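Chemist: Start from the sequences and build out the full structure, keeping to the hints where you can.
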Amino acid sequence: MRNLLTIADLSSDDLQELLQLADRFAETQTRDVKKVPALRGKTVVLAFFEDSTRTRTSFDLAARRLSADVVNFSAGASSLSKGESLRDTIETISAMGVDAIVVRHRSSGAPQQVAQWTDAAVINAGDGWHQHPTQALLDSYTIRQRFGSLEGRRIALCGDINHSRVARSDVDAFTKLGAEVVLVAPPTLLPPSLEGWPVSVSHDLDQVVSDIDVAYFLRIQQERMTDALFPSVREYRAHFGLTVDRAKRLKPDALIMHPGPMNRGVELDPAVADDERAVVLDQVAAGIPIRMAVLFQTLGPGQFESEVA
Amino acid sequence: MTVVLKGGRLLDASGERSGDVCVDGVTGQIQDVGPDLSGDVVLDASGCVITPGFVDLHTDVAEPGREAADTVQATSEAAAAGGYTAIVVMPRNGGDRLADLADLEALGRSAACEIVGAGTVSIARDGQVLAPLGELADHGVSLFCDVGVGIQDDLFMRRACEYLVGLEASLGRPLVLAQHCSSAALAAGGVMHEGAVSSRLGLPGCPAEAEELMVMRDITLSRLTGARVHFQSISTAGSVAMIRAAKAGGLPITAEVTPHHLLFTDESCAGFDPATKVQPPLRTAENVLALRDGLADGTIDAIASDHRPHTDDAKERPFDEASSGAVSLETGFAALHTAFVVDADEGADPIGTAIEGAQHRAVVPVAAEHRRSLAELVALLSWQPAEIAGVADRHGCLIEPGRPANLTAIDQTLQWSVDRSDLRSNARNTLFQGWTMTGRNRHTVKNGKITLENGQVQR
Ligand SMILES: [Zn+2]
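If you read the sequences in order, they're chains A and B. Under numbering that gives the first Met the number 0, the first residue of the first sequence is numbered 0, with each subsequent residue one higher. Under numbering that gives the first Met the number 0, the first residue of the second sequence is numbered 0, with each subsequent residue one higher.
It is possible that some hints are incorrect.
Stated by the list, open to error - Here are the in silico distance ranges between beta carbons for each label pair:
#1 B:158 x A:118: 54 to 62 Å
#2 B:454 x A:221: 41 to 49 Å
#3 B:208 x A:94: 57 to 65 Å
#4 A:224 x B:101: 25 to 33 Å
#5 A:115 x B:348: 24 to 32 Å
If you are wondering where the hints come from, they were derived from the structure by calculation, not from laboratory data. Keep in mind that this is a model prediction, so the values were computed, not measured. All residues carry an ideal CB built from backbone N, CA and C; glycine is no exception.
Modeler: In structure tokens form, the structure reads like this:
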């Protein structure tokens with residue numbers, strides 16, 4: 000694997016392989032010394048053109064636990080804000096001789112453009128509304144951890160699908176791994192066209208809540224309200240939030256998921272966020288072995304056995 | 000000094016015939032047409048078709064302000080290379096358009112084609128306060144355009160239309176209000192066509208309906224006021240259908256389309272290359288086919304470049320932040336000739352061969368009913384736009400003695416490939432990188448003077 004830009008670039012075998020590799024890295028994380036020498040001498044740049052403390056910290060830890068050198072490049076302080084083109088910025092970073100660039104950008108497609116301008120491996124840490132492949136991998140990992148596999152599982156993705164890179168990546172990953180996906184949202188929060196999406200759609204959470212295995216809630220951005228995409232937070236919660244009442248109708252072994260950061264009392268009622276079916280912290284924890292697996296696959300010079308075990 | 004274009008065939012609105020053309024550089028007129036002419040300079044036009052020079056209705060020049068992207072001079076040279084003898088230059092700034100036009104005339108004096116300045120409709124190009132339409136018309140302006148997304152305010156549009164109708168009556172010549180139609184609110188934030196591809200890519204889209212709403216309004220207001228409205232770079236099937244119906248109803252409406260909208264689909268944007276970001280956006284194959292129908296039945300009157308130069312710096316940005324537009328003057332004729340006119344070998348798709356080495360290949364194949372003759376293509380590039388631009392007295396004329404000598408000689412068999420670094424404009428933002436074109440302008444003559452000789456621009 001040269002780069003990780005989108006889930007669409009991966010086959011279901013690639014996905015399985017990454018999940019299995021993550022299992023093995025997860026095992027190393029139970030050891031006393033969590034650091035393995037796999038990427039010693041490699042330099043990973045975290046180029047975050049958009050702030051995201053969670054994702055950056057997760058990549059940072061994953062890279063360090065593989066013994067890579069990590070450089071943080073944050074756009075706010077860079078010349079990018081002074082009008083330098085993205086290409087110039089990336090060529091400058093590349094010229095310093097780095098092995099991988101982890102890119103987070105508020106514009107869809109930026110990591111794909113970056114990949115054309117550098118010889119380093121490019122890992123997409125989230126671009127615009129487009130893709131967030133490591134999030135989809137860690138989500139898949141979390142579901143697989145609980146159910147053994149995603150095969151035949153019914154997963155509802157609920158909320159702001161259109162403006163969500165998590166939704167676009169999750170749909171691809173979950174369906175490639177054999178799950179059935181239903182999107183639950185008002186039409187204003189769905190993409191204008193779902194042509195080619197292997198999903199079904201519902202505008203009514205109550206209709207689907209009792210026969211799903213995973214209830215995945217996307218973060219709602221309150222500024223969407225001013226764009227006339229929904230009337231109010233109160234109405235949003237009433238129609239598309241996981242209220243205590245709705246949570247009662249979820250299957251007893253269903254999973255409640257959220258990519259964070261969560262608006263408590265909007266997507267999930269506070270009591271529901273603490274429900275034992277909620278696996279939000281497992282998702283966060285899965286981020287480390289997943290990102291170790293991704294970095295290892297894109298940068299690793301050899302086999303897991305020789306490098307890690 | 001006389002120049003003879005020798006050994007070619009002649010093609011104009013009256014048909015095709017053989018003959019040499021002798022032009023006079025002093026009078027700027029065609030001196031003689033016929034066999035075996037001689038003159039001070041002889042340009043070899045053997046194997047070429049000599050046609051009236053092309054007229055572009057829709058050129059954006061980056062000067063003044065963004066000379067790094069392009070200058071009037073460089074744009075005019077690109078135009079001459081593409082066979083144009085006149086380009087209508089869109090307003091760039093708000094403010095005093097009369098003063099701008101004076102500047103443009105000064106810059107245009109050494110240009111390789113005639114620079115025709117369009118007027119503005121509102122002073123600040125914001126649809127708020129009427130520009131001095133009468134003074135601009137007195138100055139010679141025939142085409143008025145605010146550029147951008149078109150006049151949003153219905154009442155302002157009505158008033159502008161009414162006022163132009165009055166001026167037209169008093170001046171006794173046609174005045175045209177031209178615009179890119181787009182409902183700004185409905186298209187807000189959109190960076191590509193709204194549809195399956197934008198949904199997949201997570202890019203905000205401009206729906207076809209944003210264009211169609213304004214086309215519908217403008218047709219309605221043309222009916223109300225009698226004003227001539229020219230639709231710039233239409234891009235949707237709905238626009239074509241409404242314009243077809245309006246023309247059938249006798250309204251004084253005209254429309255143009257760009258070469259890129261006749262070829263590429265929105266799949267072109269899938270690689271996030273900002274070269275594919277244009278306004279209006281590249282749309283689906285269904286829309287491309289409807290535009291071709293519109294060419295075939297005369298709904299669309301002209302092919303216009305919507306030439307819009309940008310520096311690499313303005314394009315090498317994330318897709319949503321990059322500037323939109325493509326340069327087109329040098330490649331427009333060749334691309335359309337290659338795709339719509341050239342005879343392919345039995346069963347072969349001429350576009351298929353042309354795009355083998357191309358960077359952007361999401362192109363709709365051309366069906367038999369959409370193929371055009373050279374005469375049909377040149378009509379769309381020369382005398383039909385000349386009429387709309389109000390320059391038909393000197394461009395797009397018949398090739399006969401006494402007429403203004405604005406001509407181009409087309410070599411229909413020359414094969415060449417597009418390399419962005421060879422483009423004559425300073426800007427390199429072409430959609431046709433790597434295309435193998437068939438057909439190119441060999442010579443261009445403006446006002447009896449050579450502007451392009453054997454593919455070389457003459458200063
Ligand atoms: Zn334009």
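Chemist: A separate judgement is required for each hint: does it hold in the structure or not?
Modeler: The hints, checked one at a time:
1. B:158 x A:118: 54 to 62 Å: holds, 59 Å
2. B:454 x A:221: 41 to 49 Å: The hinted range 41 to 49 Å is violated for residue 454 (chain B) and residue 221 (chain A), with Cβ atoms some 60 Å apart.
3. B:208 x A:94: 57 to 65 Å: violated, 46 Å
4. A:224 x B:101: 25 to 33 Å: violated, 50 Å
5. A:115 x B:348: 24 to 32 Å: holds, 28 Å
Consistency with the previously given hints fails for numbers 2, 3 and 4, ordered from lowest to highest.
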